[in-house]
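Novice: Chains as they are written, first to last, in numbering that gives the first Met the number 0: chain A, 0 to 139; chain B, 0 to 77.
Honestly, the hints are just simulated from the structure, not real lab data.
Worth double-checking, as some hints may not be accurate.
Only pairs whose alpha carbons sit at most 20 Å apart, straight line, appear in this in silico PhoX-like list of lysine-lysine [stated by the list, open to error]:
#1 LYS34/B to LYS47/B
#2 LYS2/B to LYS37/A
#3 LYS37/A to LYS34/B
#4 LYS37/A to LYS38/B
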Amino acid sequence: MRNPISRLMLLMILLPLSFAGHTAADIEINTPAIASLKQSMQQRHSQLEPYYERGAVGLTHDGLIAMRDANALPLSARQPVNALIAAENQDRNALYREISRANSHPEWEGDIRSTFGQRWIDLARPGWWYQAPNGSWVRK
Amino acid sequence: MTKIYFRAGLLTLTGIFLAGCVTINIYFPAAAAEKAADKIIEEVWQLKKPEEGVQDADKPAPSQPSMQPAQPAQPLQP
């Protein structure tokens, strides 16, 4: 271990190991794009929340939301709620894409989407509806 | 002279081995992603505040999977 080549080899082994441990540790979510998506979704949530509770809107298994029961809404509310759902899904799709991009792994988008899909459902309030993997609606 | 070739070969092998390690490391970090998702969802749904305070005003139906079963609503009634 005294000659320089052996030392270099040792360095080559140890250096990437510490680096590997570091890169596996966490996922970058602190970017301006992600922050603005979060803010826009947070503002929209206060409008959407009553519809989750009424069962008109539910969480899909692929990390989005959908109209579950339009009959739970008066006719006049259906169009605005559909617009809310479309805007929310646009933000959610952008969020999954941005996270995968912020971590320099665009190919992770699908994995991130399914991770979120599971966590939205896990953290949903009792009484809200979500979609099982087979497509059927379940009340939490 | 052969010793130098031997060492050069060893060095090359080490390099290939390490490149392999780095390649293998590009897996999807599921646990970290879950943590990141929780953080974002908590912010978007503002879950932290109601947990600390009292959860009220959202109990519309009788059939609820009971999270906190024993919570006497009116402990004392004269």
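Novice: Work down the list of hints and note, for each, if the structure agrees.
Specialist: Taking the hints in turn, this is what the structure says about them:
1. Proposed proximity of LYS34/B and LYS47/B is supported: the alpha carbons are some 15 Å apart, at most 20 Å.
2. Simply put, LYS2/B and LYS37/A have alpha-carbon atoms about 60 Å apart, too far for the 20 Å limit, and the pair is violated.
3. Proximity of LYS37/A to LYS34/B is assessed by CA-CA distance (about 16 Å); at most 20 Å being required, the pair is judged to hold.
4. For the given pair, LYS37/A sits about 11 Å from LYS38/B by alpha-carbon distance, which is consistent with the 20 Å threshold.
Violated hint: 2 only; the structure is consistent with all others.
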